[in-house]
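Asker: Chain by chain, the residues:
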Amino acid sequence: MVLVLVGLLALQMSLTDAMLTFLRPGMRPWLVGAGATLVVLGGVSALGRRGGSEDHSHNVQVGWLLLVPLCVGILAPTALDARAAQRASAWRRQAFPSRPFDLDAYLRANALSGGTPRLPLVDYVNAVSTHRAYLEAHPIRLIGFVTSQPHGGNRFLLTRFLVGCCAADAFPMQIEVHTLERPPAADTWVEVTVRLASEPRARRDQERRDPVLLAQSLHKVSKPSEPYEYPG
Amino acid sequence: MLTEARTTPRKAQRMVWVYVALVLIYQTTFRRVLVELPVLQNWATVFLSVVLQALPFLVLGVVLSAVIAVAVPKAWLTRALPPGARRDVPTAALAGVVLPGCECSSIPVAGRLISRGVPESAALTFLLAAPAVNPVVVVSTAVAFPGRPVMVLARFVASLATAMIVGLLWSRVPEARWLRRPEPIEDRVSAMAIATTATHDFLQAGGFLVVGAALVASLQTLAPTTWLTALGGSGPVAIVTMGGLAFALAVCSEGDAFVAAALSQFSLTSRLAFLVVGPMVDIKLVLLQAGTFGRRFAAHFAPLTFVTALGVSALVGSVLL
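Line order of the protein sequences matches chains A and B.
Residue numbers for the first sequence follow the numbering used here, beginning at 1 and rising by one.
Residue numbers for the second sequence follow the numbering used here, beginning at 1 and rising by one.
For the record, the hints were derived by calculation from the structure and aren't laboratory data.
One thing to keep in mind: the hints can contain errors.
[To be verified] Label pairs and their computed distance ranges (CB to CB): (1) A/220 to B/150: 28 to 36 Å; (2) A/219 to B/224: 13 to 21 Å; (3) A/118 to B/147: 22 to 30 Å.
[What the hints assert, rightly or not] Partial list, computed: chain A residues near chain B (C-beta under 7 Å): (4) 34; (5) 71; (6) 169.
[What the hints assert, rightly or not] A few chain B residues facing chain A, derived, Cβ under 10 Å: (7) 45; (8) 198; (9) 220; (10) 253; (11) 315; (12) 318.
Cβ coordinates follow ideal geometry from the N, Cα and C atoms, glycine included.
Can you build the whole structure from these sequences, using the hints too?
Answerer: Put into structure tokens, the structure is as follows:
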């Protein structure tokens, strides 16, 4: 009984985009397989019990704890938010994880479509050290959610979580954006067109040499179906 | 027997009603609490992601182990392993390298191997080696530490050494002194026997997984951040701290390299300790082991593995990193 329910939860999650709140997309076939196996297993052993051929060994009391994830699953928790980002960045230094990325090739491939190129935040953050001059001269579109800063004003942290395997290892990538108007409230998903501020200004603004972005335009977007970004 | 057969469907019916009632309570009251407390939102997300991430590997593990328990003849397994801990421990470690397993699937498999007559030391070496050194883990470590291939080598060497040292030490412990052998569920070879065994093992391990996931989520989203900001540094303190962090965070072995790469305030050696300890001892795994092999086993095996992993990491780190 419990097995069938857990299996159905896994199937429901994996056949919709619900699982992307928790796991990287590569886990989808695994989760489908696990869900289907659980439904079959649960069904077969329930049939066996009905046939009366079984013994007492099924009373695994602790198994009922599996109802807890079911209940939590029904609540449909949302993707990790600004609060989680603040918590995580409070104790993890901002060493941005990188992934192999060739900005030149990416831009060449995107040049044909015209318009401002859009980059995943993780690739932009990596390009800051490798292609600073280009990013200072050319606008790029980025998508992320807003994390407010304590000193507020016309600045916020554009945030996106990098997920290696599941949300338990999520790492917040945050990059400071200066806007012309007051930025939207925390947890708002936005698309910003930004240019990288040249180095001296960034250094004056903050003692650390974290990159600072200047927003040319900003508009709200709906939350992407893949709320996280993934390395490799 | 007859009465039980008659009561089981009724029991199942009752459980459905309990479940429906729980859902109603959740939907009406708890849901509102959850919406108003964003901390709980993140708790729920981390909790469920740990459960869902482990689920496929746990299912794979219990099905594989049920096949071992029911269908593989005892004689075949004992013949496949060379006799004596000096030879069967390295063989088991190598089997762990070849078979890509997750920490959650290797526990039930090791349990059924033991109940089929494989020496505890060899089965436990496999349990430790399979999740720590396999192709998937090697690749993800290489991706997380670009330009530092030596980290991959260090992780591989340290994990393999830890698994084998713990296996050899455990071979001096008399069989079944602390470890509770999983009982054979069925003696006949049939699809039904496999399903019954797998169901039993899944319920057992799954229940403990839920407790582990809840603890992990609480530490990650509810524990005061000052606990964690106080950490840092280098030297032996950092190694112990990172080992403790790996124990508390319980990140799966395919994703932990990314976390380690991001924790740049720690020395490379201490991050190696994080990577070696993580797949072998963490909250979730200790609970899974307690569920499969009994509490007394977990109380002895987890500290032994933890200390060995730290020692080996310090040694390998000082030579390689």
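Asker: Going back to the hint list, which numbers does this structure go against?
Answerer: 1, 2, 11 and 12
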